[in-house]
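All chains, full assembly: derive it from the sequences and hints.
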Amino acid sequence: MATIPANVIEKLNAPGTVKVLATADKAGQPHAIVCGSIISPSPDKMVVGEVLMHKSAANMAENPKATFMIAAGMEAYEIDVKNPVRVTEGPMLDAMNKEMEAIHLHANALWVFDVDAVYDQGANPKAGTKIA
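Residue 117 in this note's numbering is what sits at position 116 of the sequence shown, and the numbering runs on without skipping anything.
Hints in this document: simulated from the structure, not taken from any laboratory. Note that the structure is a prediction, hence the values are computed from the model and not measured. The beta carbon of each residue, even a glycine, is placed where N, CA and C say it ideally should be. Hints are supplied without guarantee of correctness; some may be wrong.
Distance condition first, Cα-Cα at most 27 Å in a straight line; then the derived BS3-like pairs of lysine-lysine [stated by the list, open to error]: (1) Lys-99 - Lys-56; (2) Lys-127 - Lys-99; (3) Lys-131 - Lys-12.
Derived Cβ-Cβ restraints for the label pairs, each shown as a range [claimed, not checked]: (4) Ala-7 - Gln-30: 29 to 39 Å; (5) Ala-118 - Ala-15: 14 to 24 Å; (6) Ala-62 - His-107: 12 to 22 Å; (7) Met-93 - Asn-125: 27 to 37 Å.
Take a look at the structure:
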């Protein structure tokens with residue numbers, strides 16, 4: 002298991018950062034969506050709220066690997082994750098839904114992942130370099 006560097010978590014939490022979840026079904030067909038409900042409650046975990054994500058949820062149920070892409074300007078990072086666990090109740094889901102009330106959205110569940118690796122994917126000579 003890897004841990005997300007502090008600068009990557011800072012970028013993840015920054016306003017204006019684009020956050021993408023990419024999954025694949027068991028046959029390997031990829032699927033990607035933009036998500037605002039992506040958080041890292043600790044450096045070794047990634048979480049996404051299940052909001053209007055029927056295909057992604059189905060993929061995560063049958064394929065234990067996914068990746069998150071976060072980007073802002075020239076800076077971008079890929080966070081590979083594994084071992085998804087679907088959480089349908091509890092304080093973390095309640096907290097996310099309280100924040101999402103302001104934009105009239107609701108997460109039916111949370112998907113919690115272990116961080117497997119982190120890569121620099123920015124527009125720079127280090128693109129593709131594993132950093133965690």
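- Query: Which of the listed hints are not met by the structure?
  - Reply: Checked against the structure, the only hint that fails is number 2, while the rest are satisfied.
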